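Turn these sequences into a full structure, and let the hints guide you.
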Amino acid sequence: MEFDVGTSCCDLICGSQHKKRRISVNHVDSPTMCCVSSDHAAASLPTLRSCDYYMQPCLNNLLVLESIDPGYCCRVKDFTVGRIGYGHVKFIGETDVRCLNLDQIVKFQKHEIVVYEDDMEKPAVGQGLNKPAEVTLSLNIEFSNYGEESLKKVETKLKLYTERQGACFISFDSSTGEWKFLVSHFSRFGLSDGEEEDIIMDDAPEEIQDPVDMNGEDLTDNDEMAISDPTLLSHSLPAHLGLDPVRMKEMRMLMFPTEENDFDDFEGGPFDHKSQFHKETATKSPLQHSIQKMLQKSSSSIVRKTPVALLEYNPSSFGSGTTGTMVMAQQNKGLPVKTTKAEGFVLESKNDTPVTSSLSRNIVDAGLFMGKSFRVGWGPNGVLVHSQGLSSIIKLERVAIDYVVRDESKKIKEELISHCFDLPLSLHKEMEEEIKEVDAGPFKLKLLRRVHDPFTLSNICRSYISTIEKQLEVSGISSSSRIVLMHQVMVWELIKVLFSAKGQSKPDNEEEEGVMDDDMESLTLIRRAEFSYWLQECVCHRVQEEVSSLNDSNDLMNIFFLMTGRQLNSAVEIAAFRGDVRLACLLSQAGGSMMNRVDIDRQLKTWTNKGLDFNYIEEDRIRLFMLLSGNIHGALQDIEIDWKRFMGLLMWYQLPPNTPLATVFRTYQKLIDDGRAPRPVPIYIDEGPLEETANCNSNTREHFDLAYHLMLLHASDETDIVALKTMFCALASTYDPLDYHMIWHQRQVLEAVGAFTCDDLHVLDMGLVSQLLCLGQCHWAIYVVLHMPYRDDFPNLQATVIREILFQYCETWSMQEQQRQFIEELEVPSAWLHEAMAVYFNYCGDLPKAFEHFLECGNWQKAHSIFVISVASSLFLSGEHSDLWRLATSMEDHKSEIENWDLGAGLFISFYLLRNSLQEDSDSINELDTLDSKNDACRDFFGKLNKSSSVWGDKLSIDSRVTLSKIGEEISNMLVSDDGENSSRESQLSCYDTVLNARRITEDVRSYHLQDAISVFTCYLSEAAAASS
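Here the sequence shown stands for residues 7 to 1035, where the numbers follow the working numbering.
Treat the hints with care, since some could be wrong.
[As the list claims (entries may be wrong)] Listed below are the simulated EDC-like cross-link pairs for lysine to aspartate or glutamate, each with C-alpha atoms no more than 16 Å apart in a straight line: (1) Lys452 with Glu439; (2) Lys452 with Glu830; (3) Lys419 with Glu479; (4) Lys855 with Glu830; (5) Lys972 with Asp1018; (6) Lys83 with Glu140.
In case anyone wonders, no lab produced these hints; they're calculated from the structure.
Since we're looking at a predicted model, the values are computed, not measured.
Here it is in structure tokens:
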């Protein structure tokens, strides 16, 4: 047996080079082989003392190999560590195992493996055992009674759990229960408690019965192991929440002692998860005995016990790693609880999260990593709340919906905002439109729809191309963006070719229209010629790249690649230059008469039938002959070209020269379905792929290019909704799945010229709306919403979206007069604008402005509340009584719609009216001419004032309370200051009684009036005594 010994780790570090040599094991004792002492070799070996753990190669073999080849332990190939009955892990490639304490590093538990349990001791990815590995876990579940469908469900769930943990599923063998998966680095992998129960409870066959007595007389080995070994529960949900999983398990057993049995009755019995090892050596601790006794006592009752209520719950923070506490209403002090510290998993920071690096490609659910423990959430302006990779730490990030306006250094450029959004939308606004009024509650909303004449489509496309050319002139944009922009130019050119009406102008009379109908065949050929020219322009750069990569001596191959781009002139010149006149003549007729193709094909078949030795003819010449005969698959043998050139070969050399474009496109689609033509992949994959698409998943690569979708649309006779949704997906034209700024315009133009009609592309509309809102372009976002097609099943869709935009982005559009004016020009109901601003100012605490806007939008109830709580007191204390009167009376016409009107604004109106009547020089109200009538009016007012204080209560601010007190004081002063020349002492005392019973006066004022009341009462007694004497 021989080994190939290479350079040692020490040699690699020192940078010295050593040649490999062949060494035989049979000569270990030779002086050459014993240059490394056995003691030194043993010192570098890993340690593994657990009796049920093993490793491959074993320690003895490692010692021999290290002695033979010093440094072998630093490059052990496919090093394997396993635990009998639990599984094993094979570290892929060469692994440095020197001085590793495998007992502490690798731990196999039930359906789980942990490598480097302590994150503080974990090395960087790629070092030590924190590297790619193949894990095999033994699932101690009896699968023999499972049906095929149940086994498929189990395998599907295992795949889901594997992907959720960031691993790659390999296989599942139901006969052995082995679950294999591949990991790129290590933390903790396997089944959590919830996932394990999910598999067992959902997929257990009904015929399997619980081997344990239903009365709970015995605990399974797994229950004992879970209690005695707290680390078995560290992957569960309580661990992620910062709680002690062992204590949670014990509390669950205390509160729900019959829960296990209830589930068993429902599902048909649990599985016996007893391991094939340690069946006879299980000894129970006092804690286990006490729990078992409690279960025995509680299991006699059939009805489940009511759980003990929680008094207090103090969760710890996610990042602290401390254990949260639960204080129970009843605590069992007899159970000694061993607390363990369990932290959530944290992925290494250098690994990308779903929204780092290329932020704009966040099209996955970031919450998948945490499963039941966490769900992804979106906020305004592209803010994403997610878990940082495989972690229980919550992170806030903003997704780059505005990636299209960022330059190569990822900075937003104002020029790009203008050229990408403002200019195209302004161009769109200038075009002809139809208006449709729809009901939006009590308001009318004007929906817009563009209408274009196909004869003007050419000019429209040229206008959009000019906006893209301005983007290309901006400095600092990336090369990938330039490729996408150039592709957009070609897409607009293709729209012009395929969907514009041919001819000089629209026919003016029936005679001209008849002439055009007679010449439809020629118009078809004109469109085909224009498409052929478009195709040549698209593939020109690819042809030049192929030609420049060849040697100058390979003329035939140069001619072939020129033919793939329909560059006949250059191909003929090369053939003539090399003196091959016959080939030049054939090339000049390529794609012409079908007779020429048939003749060449017949000649090739004749040579084959007569056994011509093709070794005497250049292979590339035969390839050219096949191409000229129309056999494009034979010509392209061992050569790969892009899909546009393949379509060109199909149209130019295989199909007849008068074949309509629709037939060409259908033929190409048939070849794709048969797997005989390259897939029309999007431009960002076809041209590279680009750097931004390096991490694209397979689903992204399944998309077709937007240009090909346009060809299929031209060839189709009816509208296919599914095809349209795929066509107007962002990934059909750009690598940014959140960029809809140009395909929205292309959809609008195509629908305007009648290429299709669809009212189910709201994803496209809302995608552009999201981009505009992220950039603060609220007015354009509303403009886009107004162009969303009206649907009878969602009649209020546009109104709902517009109101949401106005409310969520009020701070943006209300602060920019240009945006606000633009929205008003779109005839969006002004009440919606004022309502949004009212809510915004109310949120900001600017209650006077909120009150004004609530008045403008007609929300009288809310306006009245703000008036009473804030506005009225501010105006009253500042002495602005005329403004207070004006605002209060402005709501009087709508008092029937306002709750507690008489105790709010109506109270202030009553105050001013009563004050005028109590003034000596006031003659506005003549009915209060006696002191008794004035007293009755004041008593009624004070009653309202007292009731108002009770109704508004804590809502009133300090200023509002002061205002009510001053109102009460002013009315009371005016009432008791009345001379009352014709009034009796009883009437005067009644007035003082009214004042003293009023709540909204200060104690000082009350004391002052009390003294006056005593004086009046004294006079009354004196007068009564004098009268009696």
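Okay, the hints, checked on the actual structure:
no.: 1; hint: Lys452 with Glu439; verdict: holds, 11 Å
no.: 2; hint: Lys452 with Glu830; verdict: holds, 12 Å
no.: 3; hint: Lys419 with Glu479; verdict: holds, 13 Å
no.: 4; hint: Lys855 with Glu830; verdict: violated, 20 Å
no.: 5; hint: Lys972 with Asp1018; verdict: violated, 20 Å
no.: 6; hint: Lys83 with Glu140; verdict: holds, 13 Å
When each numbered hint is compared with the structure, violations occur for hints 4 and 5.
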